[in-house]
Amino acid sequence: MTGLLATKPRPADVPALAEAALWQELELTPKPGLVDRLNNGSHRDMDHALFVRSIAAIAPWFSRFAELGHAHADKPADAQLRIIRPMGMACEQAMLEATGGVNTHKGGIFALGLLCFAAGRVKNLCADSLCCEVSNICRGLVARELAARRGQATAGERQYQLYGMTGARGEAESGFATARRALDAWSGRSLHGLLLRLMSVNQDSNLVSRGGIDGLRYVQGYARDLLANGWDNQALLDMDNALIERNLSPGGSADLLSVGWVLSAIK
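One point on numbering: in my numbering, the residue at position 224 of the sequence shown is 224, and numbering is uninterrupted.
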């Protein structure tokens with residue numbers, strides 16, 4: 001598949017929705033600082049064609065995550081991360097093989113993989129039950145993998161120690177609270193509007209890695225200004241140019257956009 005799904009999958013088909021969400025995120029244009037149909041954003045090692053190959057490699061794994069969750073639905077939630085992790089790593093390897101070692105969708109694999117896995121476990125599938133199950137599965141993740149470590153070996157660990165930022169782990173443990181709050185404030189008319197809402201509040205670790213806290217605050221403030229004063233396609237193009245000039249890429253918000261799209265489709 002090399003484009004948007006012709007028809008939206010039925011709400012209960014979370015793996016198909018997860019794949020569709022990746023296509024929706026990729027094709028959304030313009031997308032400030034991010035790879036889209038117009039340009040490569042702030043990335044020198046990624047382009048649209050690379051993301052197409054990445055999605056094609058990742059998509060078959062979503063149904064496998066759901067099947068794995070169903071197979072182990074009788075086991076308690078706190079035992080699930082140990083079960084899903086080997087499959088998550090295998091999916092990441094498939095991505096890296098397709099992209100020549102470029103990390104295009106690691107955050108998306110983590111978040112959407114958890115949603116698909118949770119979909120295999122819950123009996124009454126809805127957005128709330130999925131998010132609650134992901135939260136249960138990830139309970140204590142931040143404490144174990146960020147708070148308890150002092151070596152600051154990874155970017156995530158350094159950001160937690162310096163700024164208290166919990167990144168993708170914290171989002172999952174919260175049941176994707178940032179994405180759900182953005183959805184509550186979203187009119188549902190434009191994915192650009194949802195992306196701006198996410199960028200305005202998300203503690204995006206990608207932005208901190210590239211531009212420090214000042215880079216994060218710059219993007220948050222820019223998005224808030226557009227939401228408050230109105231925006232059009234030209235305003236998004238101007239924001240794209242501004243972020244590219246500063247080498248800023250809100251990749252964490254792009255991952256949450258995919259999560260938000262799945263949750264909105266289920267609702």
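These aren't lab readings, by the way, just hints derived from the structure by calculation.
Some hints could be false.
[Said to hold, decoys possible] Straight-line Cα separation of at most 30 angstroms, DSSO-like style, residue types lysine-lysine; simulated pairs:
no., residue 1, residue 2
1, K123, K75
2, K75, K267
3, K267, K106
4, K106, K75
5, K106, K123
[Said to hold, decoys possible] Derived Cβ-Cβ restraints for the label pairs, each shown as a range:
no., residue 1, residue 2, range
6, E67, L96, 15 to 25 angstroms
7, R181, H48, 25 to 35 angstroms
8, Y163, R139, 21 to 31 angstroms
9, K267, G100, 30 to 40 angstroms
10, A177, R85, 35 to 45 angstroms
11, R85, R189, 36 to 46 angstroms
12, S190, A148, 39 to 49 angstroms
13, G230, D78, 42 to 52 angstroms
14, A73, Y163, 16 to 26 angstroms
15, G230, D184, 34 to 44 angstroms
All values reported here derive from a predicted model rather than from experimental measurement.
Backbone N, C-alpha and C define an ideal beta-carbon position, used for all residues, glycine too.
Cross-check of the supplied hints:
The hinted pair formed by K123 and K75 meets the criterion: a straight-line CA distance of about 14 angstroms does not exceed 30 angstroms. Between K75 and K267 the alpha-carbon distance is near 27 angstroms, which keeps this suggested pair within the 30 angstroms criterion. Annotation: proposed proximity of K267 to K106 holds, straight-line Cα distance about 26 angstroms (limit 30 angstroms). With a CA separation close to 26 angstroms, the supplied pair K106 and K75 stays within the 30 angstroms bound.
As the CA atoms of K106 and K123 are separated by approximately 28 angstroms, the hinted pair is consistent with the 30 angstroms bound. A beta carbon spacing of about 23 angstroms between E67 and L96 agrees with the range 15 to 25 angstroms that was offered as a hint. The given range of 25 to 35 angstroms is respected by R181 and H48, whose C-beta atoms sit roughly 30 angstroms from each other. The given range of 21 to 31 angstroms is respected by Y163 and R139, whose C-beta atoms sit roughly 23 angstroms from each other.
For the hinted restraint 30 to 40 angstroms between K267 and G100, the CB-CB distance of approximately 37 angstroms keeps it satisfied. Range check, A177 to R85: Cβ separation about 23 angstroms, and the 35 to 45 angstroms hint is violated. Checked against the hint of 36 to 46 angstroms, the C-beta distance between R85 and R189 comes to roughly 38 angstroms, which is consistent with it. Between S190 and A148 the CB atoms are about 41 angstroms apart, so this pair conforms to the stated range of 39 to 49 angstroms.
A hinted range of 42 to 52 angstroms for the beta carbons of G230 and D78 is consistent with their spacing of about 46 angstroms. Under the hint 16 to 26 angstroms, the C-beta atoms of A73 and Y163, about 37 angstroms apart, miss the expected range. The hinted range of 34 to 44 angstroms is not satisfied by G230 and D184, whose Cβ atoms lie roughly 21 angstroms apart.
Checked against the numbered hints given earlier, the structure breaks hints 10, 14, 15 and satisfies all the rest.
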